[in-house]
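First to last, the sequence lines map onto chains G and H. 0 is the number of the first residue of the first sequence in numbering that gives the first Met the number 0; add one for each residue after it. 0 is the number of the first residue of the second sequence in numbering that gives the first Met the number 0; add one for each residue after it.
All the pointers check out, no bait thrown in.
Some chain H residues close to chain G (C-beta under 7 Å, calculated; not the full set):
#	residue
1	Tyr13
2	Arg53
3	Gly55
4	Gln62
5	Asn86
6	His93
7	Val136
8	Phe145
When the alpha-carbon atoms are kept at most 20 Å apart in a straight line, the in silico EDC-like pairs for lysine to aspartate or glutamate are as follows:
#	chain 1	residue 1	chain 2	residue 2
9	G	Lys164	H	Asp75
10	G	Lys164	H	Glu98
11	G	Lys76	H	Glu40
12	G	Lys69	H	Glu59
13	G	Lys164	G	Asp135
14	H	Lys127	H	Asp75
It is worth saying that the hints were derived from the structure and are not from the lab. Quick caveat: nothing in here was measured; it's all calculated off a predicted structure. Built from N, CA and C at the ideal position, the CB exists for glycine as well.
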Amino acid sequence: MNLPATRQDQNYLFDTHSISAWGLLRLREQLENGLPLTPRPYLTLAERTGLTEQQVMQAVSQWQQQGLIKRLGLVVKHRTLGYRANAMAVWNVPDDRVSELGKALAASPVVTLCYQRPRRLPDWPYNLFCMIHGIDRNRVQGQLEQLVHEHRLEDIPHAVLFSNKAYLQRGGRYVSDR
Amino acid sequence: MRLDMADRQLIDRYQRNLPVSERPYEDMARELGLTEAEVIERLSALQEQQVLSRVGPVFEHSQAGASLLAAVAAPDEQMDLVAARINRAPGVNHNYAREHTYNLWFVMTAPNEDTLEERLDELEHQLKLPMLRLPMVEGYHIDLGFDIDWEALP
Numbered sequence: 000m001n002l003p004a005t006r007q008d009q010n011y012l013f014d015t016h017s018i019s020a021w022g023l024l025r026l027r028e029q030l031e032n033g034l035p036l037t038p039r040p041y042l043t044l045a046e047r048t049g050l051t052e053q054q055v056m057q058a059v060s061q062w063q064q065q066g067l068i069k070r071l072g073l074v075v076k077h078r079t080l081g082y083r084a085n086a087m088a089v090w091n092v093p094d095d096r097v098s099e100l101g102k103a104l105a106a107s108p109v110v111t112l113c114y115q116r117p118r119r120l121p122d123w124p125y126n127l128f129c130m131i132h133g134i135d136r137n138r139v140q141g142q143l144e145q146l147v148h149e150h151r152l153e154d155i156p157h158a159v160l161f162s163n164k165a166y167l168q169r170g171g172r173y174v175s176d177r
Numbered sequence: 000m001r002l003d004m005a006d007r008q009l010i011d012r013y014q015r016n017l018p019v020s021e022r023p024y025e026d027m028a029r030e031l032g033l034t035e036a037e038v039i040e041r042l043s044a045l046q047e048q049q050v051l052s053r054v055g056p057v058f059e060h061s062q063a064g065a066s067l068l069a070a071v072a073a074p075d076e077q078m079d080l081v082a083a084r085i086n087r088a089p090g091v092n093h094n095y096a097r098e099h100t101y102n103l104w105f106v107m108t109a110p111n112e113d114t115l116e117e118r119l120d121e122l123e124h125q126l127k128l129p130m131l132r133l134p135m136v137e138g139y140h141i142d143l144g145f146d147i148d149w150e151a152l153p
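Looking at chain H on its own, in the form it has when it is part of the complex:
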């Protein structure tokens, strides 16, 4: 999807350091030469178009609660079905198909480790498929706010 210059600038400038002030969108507008109403409209439209998942905080998972990357090996013809079941499990927030015997990869979060284990046990029992549980041991780079390469995009 092609975005206009103002949308690009919004994204380039505010993937991080969004103001904590009474009128943050007005502060952003001033910096980008827009009006507050325009910033709010643009952000709403970008969310609607699925360019943004949200405006807001990204929590550090090790402080926010428990979180884990898991994978299951689903038979090819059942992938959509299994993926839908995974999506319905509590705490799942990412779920991708990947090219491997373990072909569905998802992230599950929970308020604490015990609840996370229970949820995974329940899901594993429901799916009856081999499951890898891969907690993070050490993060070297875990923030997804990288710069968009607008020129290279289709």
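One chain only, chain G, in its complex shape:
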């Protein structure tokens, strides 16, 4: 079966016995907007998608086990709480060290996201990205200096891109386009 919003190699995600594939697709679309705040949210979702409450709960559990859903819970807007200094620190790490260093930096409690992305020369020489959701700029600068020191990154070219404004922040829409 080929669903428009499913990668061809990932049809297993829809292998949830006897549940209508379109019902599941509608469920994913609904879930991208979050869980309804009704006493029985899975029943509300069932009513919106033509599934049963049991089927909705089964699908959500299965997607968690399969890793399609990586976490189920409250999604915080850190800026509202006072995390005003969001820094993206980027490094130009030799290719043979990027994986090892990425894992090491990801283990630091101040690093909230960490990943490798391609360089785009000449404009963009950096291949390792770390996010720090900091409370103020000075504190983040201190945390960065400590990271550089701990991981011996003194000789690795880097840049820090602070963000002072979020124009948009919401969940990913993979199925729905709204």
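Given the structure of chain G, go ahead and fit chain H onto it with the hints provided.
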């Protein structure tokens, strides 16, 4: 924004592992010593106050579809305008100003890679600005459910 103890506990306890049960908010209430109605009210209020963007699943982007971090270099005086155009493009879910020549950074998602490319081509054509396209090569830590440091907040 200062939150009371019950709101903090809700956030501390339920950024992950929200129950999959018939009455999840009742289960949460029992654990935190609240009523189901209180949990629902608090969650609604936190959403309204923009403390929460939603209650719900965070999808793993590599399984959910296609996704990419992109950046454009907008002239300073046009940043708001360009940002508004980016926000209107289909599939954009994060868009931040950052201090760099590439000063607008956004995440775009789509059901598949081809659609994503088409959307980016269209946006690039519309904006007529240099654009970096930076797909993820490898993730080392990509879950944003970190513990809130309540004491350090203003």
